[in-house]
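Here is what each chain is made of, one letter per residue.
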Amino acid sequence: MKLSKFPYLVQQEVLSNMASSHLFLLSFVSKNMKALIKSSQVARFKNVIHIKYNCMETNQPDVEVFYRDAWDPIVKIAEEGTRTDGFQLTVSGKLIDFRIFYLILWSSKMIQMILKKLISGYRFMYGPFPEEKMSKMFGRDARADHIKFSPESEFYQAESMKVDQYEHTIPAVLQHFQGRQAFIRCRYCKISDLIGFVNEWKTGKGFQRLEYLEIRIRSFDEGLPQNEILDGIGAKYIAQRNHHQRMFCRKFTLIIPILNRIQTESSATHTSLEKQMVMWRLFGFLGKLYGLEYGTKQSSSF
Amino acid sequence: MAPKKNSAKRPQPSTPKPSAPARIVKVQSSDGHILQADVRALLLSSTLAATIKGYDDENKPLEKLEVNNVVGFTLKLVLEWCEKHKEDDPAIAQAEKDKKNIFIPSWDRHFLTKLPMGNLFDLITAAYHLDITGLINYGCKTVANSAKGKSTEEMRELFGIPEPWEQPSTSTATWDD
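Residue numbers (our numbering), protein chains in the order written: chain A, 1 to 302; chain B, 1001 to 1177.
There are no misleading hints in this set.
In silico DSBU-like cross-links for lysine-lysine, where the CA-CA straight-line distance does not exceed 30 Å: (1) A:K38 to B:K1148; (2) A:K46 to B:K1150; (3) A:K2 to A:K46; (4) A:K31 to B:K1148.
By construction, these hints were calculated from the structure, which means they are not laboratory data.
Go ahead and model the full structure; you've got the sequences and the hints to work with.
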């Protein structure tokens, strides 16, 4: 059977019925097949809501694509296992062992070569990949806890970012973010880094496009040092009775739950442009409202 | 609610229509084979349905339909499929196509997967020419499913995509580079 002999609409129908991972793999077979996938699957790609890069808790990063009503795994990078149902593919002139849905890896050099190839195909199908330079995506020893994005990464150019991290500190992932919304969930957080980030943000030295930040700290072994954070970021308690007197605009939200005290309501978090007072709701601190004064007036239309 | 992994469930068919007396006509393939088929089965093909309607509108007796772009072996498969599905509501096939949510019933799965790839290819192409939505849906889904668990090299073989070095270097090369 030669797929190329099918009428275009049939080719399109066949490809439309393939899972994303199979399309992804098929795109390696030929350049024109890759072009066909791209041209015939426009509707599928437009239906993508977001793409998840899962690098947490394991040294087996994986990528999943989420559509409006479904999700599909695309690729997973795994250590060499005991399975033998693999096949070989020439990547950058070298023969690499593949396994369906798994890439068997031996060295960081191979990881980089494979990812370079994979991301080339990925970019073709789904647009920008969050890392242009593969050697910077993975650390030299190719361990997952060394995964990092370069400052120039397209990952940071996304309008909205949701990150679920186990051990990484918050500012590390936000440091180069240029988007407007960030949702971060982590287990551990280095308070001094968090304070430094907030201070840089509120004084307008960085992250000027950032309008909404939601941070959830899942657990804190010794309790959340509330006073240290409040003092460090210069928060001042705002009496509840004063809320209605202000012309509030939604601006920033910082949610730092203590253990299971997680709330999602964010409507009370606003910025008063006239008074140049950023209002923060620190839900972890019993839902109290705090104000953060800063010097430069915001130009945001919010 | 979180989205679910891509999966498909077949829409429930509507209440079966009461069976009407069979109206049998002859169908001739491009290579001269003459087969017989129930008109209700042929109506699954939009192309043949239009032809039949033309005859009926003009009150002409329909003795033989000529299908000029499908050979006898493939036409027999087409008619076998249509006969099996002649009671189906065409709206179901269209709905499945629109939603890209195609579930292949067991009879169809067996019918299609037992075919060699070459025959399946011919069957899908015939379904395309005759505009039989349900058969196109199931055929394409079957081809797509055949890629499951395949390596790139197996996919290349499955879909008849030649190796890069087998390609002609002229500008007339196809997309199978």
